[in-house]
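J.: Sequence:
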Amino acid sequence: MEGASPATFRPTWQQGVGHGLYLGVFGAAVSVTTGVLAALLWSRPPAWMWAALIAAPLLVGAVAGLLAGRRTGIEVGDGGIRTSSVFEEGVAPWSHVVDLRAERRGRRTVVSVYLDSGATVRLHAPYSGGLFAADPQFELKVCALSHLWRSHRFGGLPG
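Each residue of the sequence shown is one higher than the last, beginning at 1364 in this note's numbering.
FYI, nobody ran anything at the bench for these hints, they're computed from the structure.
Don't take each hint at face value.
Claimed, not checked - When the alpha-carbon atoms are kept at most 20 Å apart in a straight line, the in silico DMTMM-like pairs for lysine to aspartate or glutamate are as follows:
| hint | residue 1 | residue 2 |
| --- | --- | --- |
| 1 | 1504 | 1462 |
| 2 | 1504 | 1479 |
| 3 | 1504 | 1441 |
| 4 | 1504 | 1438 |
To be verified - Pairwise CB distance ranges, derived in the manner of DEER restraints:
| hint | residue 1 | residue 2 | range |
| --- | --- | --- | --- |
| 5 | 1502 | 1405 | 21 to 31 Å |
| 6 | 1376 | 1408 | 28 to 38 Å |
| 7 | 1401 | 1462 | 15 to 25 Å |
| 8 | 1369 | 1483 | 36 to 46 Å |
| 9 | 1506 | 1459 | 20 to 30 Å |
Beta carbons are placed, not taken as given, at the ideal position from N, Cα and C, and that holds for glycine.
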């Protein structure tokens, strides 16, 4: 299976929207604070301006979360596990992977890869949590990852 295409895992669209809304709340807090300061210093803005100061950052955050979710994820291929996100990329070759398991980190269950150097790499996907972070197929994805790792560790994929 030398020419097999790599398996790809990315956050679900709900996870992307949830992450974007989470960041959008901070943007809305900053814009409303700025609006309050501007209203105190100058004049009263119209009522629609307050709605825009709240809704615009949330909408921008949701769209940005969806776009970032398409860029974030992992590819599992013959060479190992390649992680990618908006800000960083990395590779964990199969020869360095000692263990792969699902772990609870805060309010999420994530997949961690343990390397022979003692380092731990937390994968960007798959993960599961509450509300928007839930992934109904998380267990299937972890099972597939585990199968691919074991197949590469103990002699490659069956032909």
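J.: All the hints need checking, so say for each whether the structure fits it.
T.: How the hints compare with the structure:
1. With a C-alpha separation of about 16 Å, the suggested pairing of residue 1504 with residue 1462 holds against the 20 Å cut-off.
2. Taking the CA atoms of residue 1504 and residue 1479, the gap is near 23 Å; set against the 20 Å cutoff, the hint is violated.
3. For the proposed pair residue 1504 and residue 1441, the alpha carbon gap of about 18 Å is at most 20 Å, so the pair holds.
4. Pair hint residue 1504 plus residue 1438 holds up; C-alpha atoms about 12 Å apart against a cutoff of 20 Å.
5. Look at residue 1502 against residue 1405: about 55 Å separates their beta carbons, and that is not inside 21 to 31 Å.
6. Under the hint 28 to 38 Å, the C-beta atoms of residue 1376 and residue 1408, about 34 Å apart, fit the expected range.
7. Taking the beta carbon of each, residue 1401 and residue 1462 are about 54 Å apart, not inside 15 to 25 Å as hinted.
8. Checking the proposed 36 to 46 Å range against residue 1369 and residue 1483 shows it is violated: the Cβ atoms sit about 22 Å from each other.
9. Residue 1506 and residue 1459 have their C-beta atoms about 22 Å apart, which keeps the hinted 20 to 30 Å range intact.
In summary, the numbered hints that this structure violates are 2, 5, 7, 8.
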